[in-house]
Amino acid sequence: MSIDSMFVHKMWDDHELSKMVKSGVPFPMLSDAGGRVGRVFGVYDEDAGVETRGRFIIDPDGIVQGYEVLTPPVGRNVNETFRQVQAFQLVRESKGSQATPSGWRPGKMTLKPGPDLVGNVWKEWKTSMAFD
Amino acid sequence: MAEEVKAGCARPTGGPVGEKVSEEVHEKQIAKKEAAPMIQVGRKAPDFSAPGYQKGKFINITLSEYLGKWVLLCFYPGDFTFV
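Here the protein sequences come in this chain order: A and B.
Sequential numbering of the first sequence, starting at 1, is according to the numbering used here.
Sequential numbering of the second sequence, starting at 133, is according to the numbering used here.
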């Protein structure tokens, strides 16, 4: 979503993005002329008249599970976004019985929060696991 | 899910869905924006509808149509920007 019209979205997809992604962008490119939606999400820059690089993970109940907002010159890390979505999906599927510690990625161990884990995380999770 | 829209000369816009906000209230909200964050993790995402483009069609999308699915909502400064 950006402040550009859907006509400009089409031009960008036709002339540039379709050269990066085979058959163009598959998902909807939304238009927020005037920044009314961006303002509600806190990403509209009133001075510049554009939206900053906001990214919101919204779960199947419509709940915001996480967000990240960057100023324009720095691009996102798509892998990190996917990792977060996979972590939120795992937690949801486990109905909250599992939690993903720092550095978790698919395949790594999860924690089962409960009375037995209090004060014992050090036995299960090592600092090195925070890093890849 | 997404309703197709006819492309006319008028530039279509979307906006928040739900309670109507008068201009006056709107101004106040902008003024206090910095003090009160509107998005909080663990809370409902504000619903909105917006026109857009997808695979050769002009469409209109409402966030609440995606209940039951995971949604990644990304904002960016503008088409043809570089990163």
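Some clues are possibly wrong.
As the list claims (entries may be wrong) - Below, simulated BS3-like cross-link-like pairs (lysine-lysine); rule was C-alpha separation at most 25 Å, straight line:
(1) K126/A - K108/A
(2) K201/B - K189/B
(3) K201/B - K187/B
(4) K123/A - K108/A
(5) K176/B - K95/A
(6) K22/A - K176/B
(7) K10/A - K187/B
(8) K22/A - K10/A
(9) K10/A - K138/B
(10) K176/B - K19/A
(11) K187/B - K95/A
(12) K138/B - K176/B
(13) K138/B - K189/B
(14) K112/A - K123/A
(15) K187/B - K19/A
(16) K19/A - K201/B
(17) K176/B - K201/B
(18) K108/A - K95/A
(19) K10/A - K176/B
Source of the hints: derived by calculation from the structure; they are not laboratory data.
Quick rundown of the hints versus the structure:
1. K126/A - K108/A: holds (12 Å)
2. K201/B - K189/B: Since the Cα atoms of K201/B and K189/B sit roughly 22 Å apart, the hinted pair holds (cutoff 25 Å).
3. K201/B - K187/B: Roughly 20 Å separates the two Cα atoms, so the pair holds.
4. K123/A - K108/A: holds (15 Å)
5. K176/B - K95/A: The hint holds at about 19 Å.
6. K22/A - K176/B: Roughly 34 Å separates the two Cα atoms, so the pair is violated.
7. K10/A - K187/B: holds (9 Å)
8. K22/A - K10/A: holds (15 Å)
9. K10/A - K138/B: holds (14 Å)
10. K176/B - K19/A: violated (36 Å)
11. K187/B - K95/A: The given pair, whose Cα atoms are some 36 Å apart, is violated under the 25 Å limit.
12. K138/B - K176/B: Violated, at about 31 Å.
13. K138/B - K189/B: Between K138/B and K189/B the Cα gap is close to 9 Å, so the pair holds against 25 Å.
14. K112/A - K123/A: holds (13 Å)
15. K187/B - K19/A: With Cα atoms ~14 Å apart, K187/B and K19/A stay inside 25 Å; holds.
16. K19/A - K201/B: Since the Cα atoms of K19/A and K201/B sit roughly 29 Å apart, the hinted pair is violated (cutoff 25 Å).
17. K176/B - K201/B: holds (14 Å)
18. K108/A - K95/A: Satisfied, since the Cα-Cα distance of roughly 18 Å is no more than 25 Å.
19. K10/A - K176/B: Roughly 31 Å separates the two Cα atoms, so the pair is violated.
In summary, the structure is inconsistent with hints 6, 10, 11, 12, 16, 19 from the numbered list given earlier, while agreeing with the others.
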